[in-house]
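Peer 1: Keeping the supplied structure of chain A fixed, place chain B upon it in accordance with the hints.
Chains as they are written, first to last, in this note's numbering: chain A, 1 to 186; chain B, 1001 to 1377.
The hints are simulated quantities; they were obtained by calculation from the structure and are not laboratory data.
Just so you know, even glycine gets a beta-carbon here, dropped at the ideal spot from N, CA and C.
Be aware that a few hints might be false.
Claimed, not checked - Derived list of chain B stretches under chain A, where covered just means 3 residues or more per stretch with a C-beta under 8 Å from a C-beta of chain A: (1) 1006 to 1015; (2) 1362 to 1369.
Unchecked claim - In silico negatives: residues of chain A with every beta carbon more than 12 Å from chain B: (3) Val55; (4) Ile184; (5) Lys186.
Letter by letter, the chains look like this.
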Amino acid sequence: MKNAAMEFRLGGSGGQGLILAGIILADAAIMEGKNAVQTQSYGPEARGGASKAEVIISESAIDYPKVTMPNVLLCLSDEAYRKYGQVVDPNGLVITDTSMHLPLPNEKTMVPLYRLPVLSIAREKIGRGLTANMVALGCLNALTKSVSDASLEQAISERVPAGTAELNLKAYRAGLAAAQQLLIAK
Amino acid sequence: MAVERSARLMQGNEACVEGAIAAGCRFYAGYPITPSTEIAELMAASLPCVGGRFIQMEDEIASMAAIIGASLTGTKSMTATSGPGFSLKQENIGYAALTEVPCVIVNVQRSGPSTGLPTSPAQGDVMQSRWGTHGDHPIIVLSPSSVSETYRLTFESFNLAEKYRNPVILLMDEVVGHMRERVDLHSLSMSVVDRVKPTNKREDYLPYDAAPDGVSPMANFGDGYRCHVTGLIHNKKGYPTSKAEEVDFLIRRLHNKIDHNLDDVLKYEEYMVDDADIIVLAFGSVARSAHNAVRRARQNGVKAGLFRPITIWPFPEAAVTALAQKAKHIIVPEMNLGQLRLEVERVAGSRCQVSGINSIIGELIAPDQILRRIMEV
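Only chain A is shown next, with the shape it has when bound in the complex (with noise of 0.2 Å):
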């Protein structure tokens, strides 16, 4: 995936932190060299409601900054994908949590779907469900290696809220374990 752009739409319930994600995304890039925007939509809700951050990330000057053909699409919930997921990179991949129930893109579009455990890791394995943003940034990271581990992992820790570095590294890097382990099985 080595396009002059690249485009991701993360898209999830309010509350689940996704802007904060697409923000330490972006932050990485910009680490790196490259040149990154960041913009969202969300509802008018606080919690609940659908919510999406998009981030384009490009070697060159970035003139439009809303993603129109996002290159990797992370969905968390199924109201997000209804709403956010119907458009895809025919080259690009799809990653979604496996407690999803609609009838997912790849049957149709024969885009790469990865589902993975992202709200249950959290939950479970890191014992807050709360780091679900971590989680998933982990296995987007592990998937399309859009950014270096060491940026990421500086943006995470500059970003997240005082005193939750250590808490949300460990989530992240659960993450891209559990991904990693997914393109072995693959």
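Peer 2: This is chain B only, laid out in the frame that chain A set:
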């Protein structure tokens, strides 16, 4: 892990705050409203660290009044708002224009009218930013398209406000306000302009004594100079007057001080316009979509160009007239029903065709929509 951090990921609203503080802003009064709320939050956190003051007022009317009062004491002052809040500021914006009190008003535009579509992007306040307050009055309105430009234009807003003793409106939109992107900190170094202070003896000071297109020095309230500030039409002393020659002199001077300095006030950017048959004229976040569309039109061999007014008011009339003499068609995409197009038609309508692309659904106009129109005309 010591990485050179001359570049940072920054949000538009955050860049606005950083630019304001770097320009010398030390007082903020406001009433938070999405999508401008981050400006109030970050001002509340930042101003006390640089010896400034933040106050959350009871509403937008009071916030506007508070920044005028603070500025009269010599403190650079700002407020930020959005949508309905901008409507409430209007009366006191007129007061600041007539009394010549430097101040900066940030309006992160959201969809309207009224509460509208909270809090989707729009550009529906183009005309309100020009004519929202009653009576003939001068105003300067700047509109950024990126996060780093938000920093620079906020800084520039303070400089212009101080130089011309006039309110300056920074007309942002939700896309630019909430978007985060790379900002190269070393590109942001700018020089601060401060208002001119009186040098004559206190008893000789006249607060509104200036040439027909000039700006008079401004004493701080509390420094012992005699100042009278009123929303009534006033003479050189600041006292109310209804004498025809004094009234005429003041209102014309207020306009002349801006209109005779357009080279200093007007900013715009041109991209590929030199041989362009089709010009896309766009501002704010929509200019980014337009840039994308023009770039792709050129790849298809179509002679398109982009004109991006950065100063919206006064409108860069001479530059647009020059383009209209060469171009066949000007397309004006905007997230409203054609407010800036009215101005383009006034300036260019007799020289070339002018058409609009207008979206009011609370979404940024997509490049494809603009590209399609370029290919059609």
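Peer 1: Would Val55 (chain A) pass as off the interface with chain B, using Cβ distances and a cut of 12 Å?
Peer 2: Not fine: 9 Å to the nearest Cβ puts Val55 (chain A) too close to chain B.
Peer 1: Given as covered by chain A, does the stretch 1006 to 1015 of chain B meet the bar of three residues or more with CB within less than 8 Å?
Peer 2: holds (count 3)
Peer 1: Checking C-beta pairs, does the stretch 1362 to 1369 of chain B have three or more residues closer than 8 Å to chain A?
Peer 2: holds (count 4)
Peer 1: Beyond 12 Å from every Cβ of chain B: is that where the Cβ of Ile184 (chain A) lies?
Peer 2: With a cut-off of 12 Å, Ile184 (chain A) remains clear of chain B, as the shortest Cβ separation is near 29 Å.
Peer 1: Please settle this one: Lys186 (chain A) was flagged as non-interface, so is its CB more than 12 Å from every CB on chain B?
Peer 2: Given a closest Cβ separation of 33 Å, the condition holds.
Checked against the numbered hints given earlier, this structure breaks only hint 3.
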